[in-house]
Structures are given as C-alpha cells and as structure tokens.
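Keeping their order, the protein sequence lines are chains L and W.
The working numbering applies: residue 1 is where the first sequence begins, and numbers increase by one.
The working numbering applies: residue 1 is where the second sequence begins, and numbers increase by one.
In short, the hints are calculated from the structure, not lab data.
Watch out, some of these pointers could steer you wrong.
No farther apart than 30 Å at their CA atoms in a straight line, the calculated lysine-lysine pairs in the BS3-like style are these [unchecked claim]:
| id | chain 1 | residue 1 | chain 2 | residue 2 |
| --- | --- | --- | --- | --- |
| 1 | L | K26 | L | K100 |
| 2 | L | K26 | W | K67 |
| 3 | W | K4 | L | K100 |
| 4 | L | K105 | L | K26 |
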Amino acid sequence: MKTSSSQSVLFATAEVSLPSQPKRAKSPVSNGVVGMLIFMVTETMFFAALISAYLVIRAGLEEWPPWGQPRLPVETTAFNTVVLLASGLLMGYSRALLQKNNIQKGRRWLGISILLGAFFLISQGYEWLQLIKFGLTVSSSVYGGLFYLIIGAHGFHVVGTLAALIYAWNRLGAYENPVTPEGLFPFQLLWYFVVCVWPILYVLVYLT
Amino acid sequence: MRKKQLVHFLLFLNFILAPGIVQACAVCFSGTEETLEAFYVTTIFLTLLPFVMLASIGYWLYRQYQKVQ
Chain L
1 MKTSSSQSVL
11 FATAEVSLPS
21 QPKRAKSPVS
31 NGVVGMLIFM
41 VTETMFFAAL
51 ISAYLVIRAG
61 LEEWPPWGQP
71 RLPVETTAFN
81 TVVLLASGLL
91 MGYSRALLQK
101 NNIQKGRRWL
111 GISILLGAFF
121 LISQGYEWLQ
131 LIKFGLTVSS
141 SVYGGLFYLI
151 IGAHGFHVVG
161 TLAALIYAWN
171 RLGAYENPVT
181 PEGLFPFQLL
191 WYFVVCVWPI
201 LYVLVYLT
Chain W
1 MRKKQLVHFL
11 LFLNFILAPG
21 IVQACAVCFS
31 GTEETLEAFY
41 VTTIFLTLLP
51 FVMLASIGYW
61 LYRQYQKVQ
C-alpha cells in the first residue's frame with residue numbers, strides 16, 4: 001500500500017518515544033504535615049503569650065486567687081486531664097494501626113479517642129456552668145477573666161480539632177473521596193498539640 | 001513660643017503631681033520586684049521560644065530527608 005508523504009511524517013512522529021523523565025523522589029514529609037507544624041508554631045506562640053500575660057498579672061497581685069472568688073475544681077479537672085491524655089495515647093495507637101493499613105481497627109480506636117476528647121469538653125463545660133453559678137465570671141475579677149480566656153482558648157481549640165477529626169473519621173475508608181491515614185496525620189498532630197498544652201495550663205491555672 | 005513652653009511645663013508638672021496618669025500605661029500596674037522578674041522571664045521565654053521551635057522543626061525535617069537519601 002502506498003502512503004502519502006504527510007502520512008509518513010505522522011507515523012514517524014507517533015513512533016518517536018519521549019525520553020523518560022527522571023522521577024522526582026517522594027518527599028518524606030507531606031505538605032500537610034509541614035503546614036500543620038507551622039500552624040502549631042503560631043498556636044504555641046498564642047498560648048505562650050496568654051501564659052506570659054497570666055504570669056505578669058499574677059505577679060503584680062498580692063493575693064492569688066483574689067479574696068471572695070470561688071476555688072477551681074482541681075480534682076475533677078485532674079480526672080479530665082487523665083481522660084484527655086488517654087485520648088492522646090489512643091490517637092497514637094490508632095495512628096500505628098492505620099500505618100499498618102489496619103483501617104477498620106484504627107478507625108475504631110480513633111473513634112474512641114474522639115469520644116474521650118468529647119467527654120473532656122463536656123465535663124469542662126459542666127464545670128464552667130458550676131463556676132458561673134458560684135460567681136466566677138469574666139467580669140467578676142481579673143482572676144475570672146484570665147481563667148476563661150486561657151481555658152476558653154484551649155476549649156475552642158478542642159472543639160475545632162474534634163470537628164476536623166470527626167470529619168476525617170467519617171471519611172476514613174469511605175468509598176468516595178476517602179481520607180487516607182497520611183491525610184489524617186496533620187489533624188492527629190493538632191490533637192497531640194491540644195493534648196500536650198493542657199497539662200501545662202492545668203498546672204499553671206489550677207494548681208499554682 | 002512662650003505658649004509652647006508653658007504647655008510643656010504644665011505637662012511636666014502634671015506628671016510630677018499626678019503619678020496616677022503615668023501609671024496608666026498597660027504594663028505599669030505594679031512596680032514590685034515580682035512583676036519585674038515576671039517581665040524578664042516572660043520576655044526571655046517569648047523571645048527564645050520561636051527560635052527553639054523553628055530550629056527543632058528544621059532539624060527534624062533535615063533528619064527525615066537524610067533518612068530517605
């Protein structure tokens with residue numbers, strides 16, 4: 001069969017194989033993790049600023065807590081602290097399971113970790129209601145103002161992180177647009193941050 | 001010119017006679033040693049903390065890339 005010159009050029013072009021591009025090495029750390037780490041730096045500075053303000057204001061007052069203000073529920077909050085730490089540990093366990101591609105079991109432990117976090121939040125909220133009943137409000141004294149500012153900022157972070165984790169838990173192993181264990185990791189990092197900040201705040205605000 | 005000098009003098013007099021106004025700044029609520037110490041400690045803390053954190057993250061990232069290579 002005779003082919004025209006234009007067809008020959010077309011066939012010749014089709015047979016030319018492009019030189020294989022050198023494959024880019026896969027980054028050991030995902031962009032999500034780097035972004036979350038930078039976000040955590042800013043969050044740490046935020047809490048450091050709150051802690052600094054607390055320490056400076058407290059150092060300027062002779063009596064702490066001020067006279068006439070209710071005492072904070074140390075024992076109940078200690079139990080809540082243990083619950084939150086357990087939640088952090090279970091988050092680590094679920095991470096280990098998910099890394100081994102054991103999605104179902106990892107998802108279950110992630111759910112339990114989220115439940116413990118939710119328990120912490122509800123229990124803290126109940127304590128707040130009790131404290132408000134006893135007269136400790138934002139405007140009752142500088143003590144109340146600092147307490148609600150610092151503990152409230154932490155509570156706000158717990159709410160935000162739990163919302164993200166619940167969304168991720170729901171999408172983990174889903175048929176459409178599933179969240180992968182690697183995609184979940186930045187949110188888990190944020191949860192570790194929230195868990196690790198709390199004992200510092202507890203010792204600072206409740207115990208000293 | 002005299003009017004300006006008079007205003008400056010009155011301001012100066014005001015600061016001497018009414019130290020409460022001078023103490024109205026946000027960080028002048030207490031002049032105790034404890035407050036001074038708290039300012040020193042928190043200033044050092046807030047200055048060093050970002051450097052420590054960023055250096056730690058940088059080192060961790062460096063180690064992660066080293067492991068891959």
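Structure-based check of all given hints:
In summary, the hint linking K26 of chain L to K100 of chain L is supported, as the alpha carbons are separated by about 19 Å, within the 30 Å threshold. A C-alpha spacing of about 12 Å is found between K26 of chain L and K67 of chain W, which places the hinted pair at or below 30 Å, so the restraint holds. Restraint check: the Cα-Cα separation between K4 of chain W and K100 of chain L comes to about 79 Å, which exceeds 30 Å; the hinted pair is violated. About 28 Å separates the Cα atoms of K105 of chain L and K26 of chain L, which keeps this hinted pair within 30 Å; it holds.
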